[in-house]
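Peer 1: Chains L and U are the protein sequences, given in the same order.
Here my numbering is used: position 20 in the first sequence is 20, and no number is missing along the way.
Here my numbering is used: position 128 in the second sequence is 128, and no number is missing along the way.
What the hints contain is simulated information worked out from the structure, not anything from laboratory work.
Among these hints, one or two may not hold up.
[What the hints assert, rightly or not] Covered stretches of chain U (in silico footprint by chain L; criterion: 3 or more residues with CB under 8 Å from a CB of chain L, positions within the stretch not fixed): (1) 27-35; (2) 43-51; (3) 136-150.
Note that CB positions come from ideal geometry on N, CA and C, so glycine has one too.
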Amino acid sequence: MKKSKEFHHYLTGFALAAVLTIIPFALVATVGGARSYIVLVLCAILQVIVHFRFFLHLSFRSQQKEDLQLVLFTGFILFLMIGGTIWVLGDLYTRM
Amino acid sequence: MSAPTGRSLHPGLNLGEEHGDDHLEAETSVFGFWVFMMSDLVTFGMFFAVFATTVPLACCPGPKELFDFGSIAWQTTFLLLSSVTSGMAVLTMKQEHGGRGACTKKLVFWLLLTVLLGCGFLYREVSDFLSMAAAGGPPTRSGYLSALWSLVGLHGLHVTAGIIWCLVIVAGVLVRGVDRRWKLALLRWAVFWHFLDVIWIFIFSFVFLGGLL
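Using the sequences and the hints given, assemble the complete structure.
Peer 2: In structure tokens:
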């Protein structure tokens, strides 16, 4: 029973990831335009969550506390560094 | 070392009780690799940040002239499929190598299929790089192109390393059997390989598709 459960876990992840990949590709191929960018960002974030949940088996429950803290802290560091870089240089760019 | 039964010891697929001490040993080994993976993620983050601060200049060909939509779709497909096959490899190890003397054929099959898909990805990526250079977009042309080449190239380098690592595991498994050493190596490699696909999501979404919009 456990065997098929984990197998289906991967298949679910694959199906979700495939859908979340096809949507942005189809959008860029057909509609395009700046408004599609929001969907692009949304699909990317959702797909990252799908990958973490179904492929890397990371969840908020049944997880060692340190593991989740490690990932969340890295996310925070990334937010500071990327956000900060774009903020500072974007500000300079508009002043040029 | 007295871990409660049935609990997840580390992020990622756990070997489980039937693997005995190998399962317990994996806790520190895989957690340590996650720490490395997170630092690697920060490195990629900085490459993304640099890329985000550059703009395609009028002097040189831009995303619309340089990017091959079909090729990006193929690369994404290859990498996503390889992520699933690498998961199948770990799952095979978990389910069939708890005891001794289990058949390694199935495990090697999934690993080699992953390598094949990875090579397919690399082939498309390298041919894209070559056609980009031919279309007047070598990395030396502008800041934007430098950032693009180094970000995508860094990911390609990781994929290459992942393929070599996988081949080493295949050789080790064939020569020495699926013992603790190769079990732990396979667990860590699987985390690495899944991460490459996660990073590729950002690359195809923001660099390629975002550039084409």
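Peer 1: Against each hint, give a clear statement of whether it holds in the structure.
Peer 2: Quick rundown of the hints versus the structure:
1. 27-35: It holds: at least three residues are needed, and the stretch 27-35 of chain U offers 3 whose Cβ sits within less than 8 Å of chain L.
2. 43-51: It holds: at least three residues are needed, and the stretch 43-51 of chain U offers 5 whose Cβ sits within less than 8 Å of chain L.
3. 136-150: violated (count 0)
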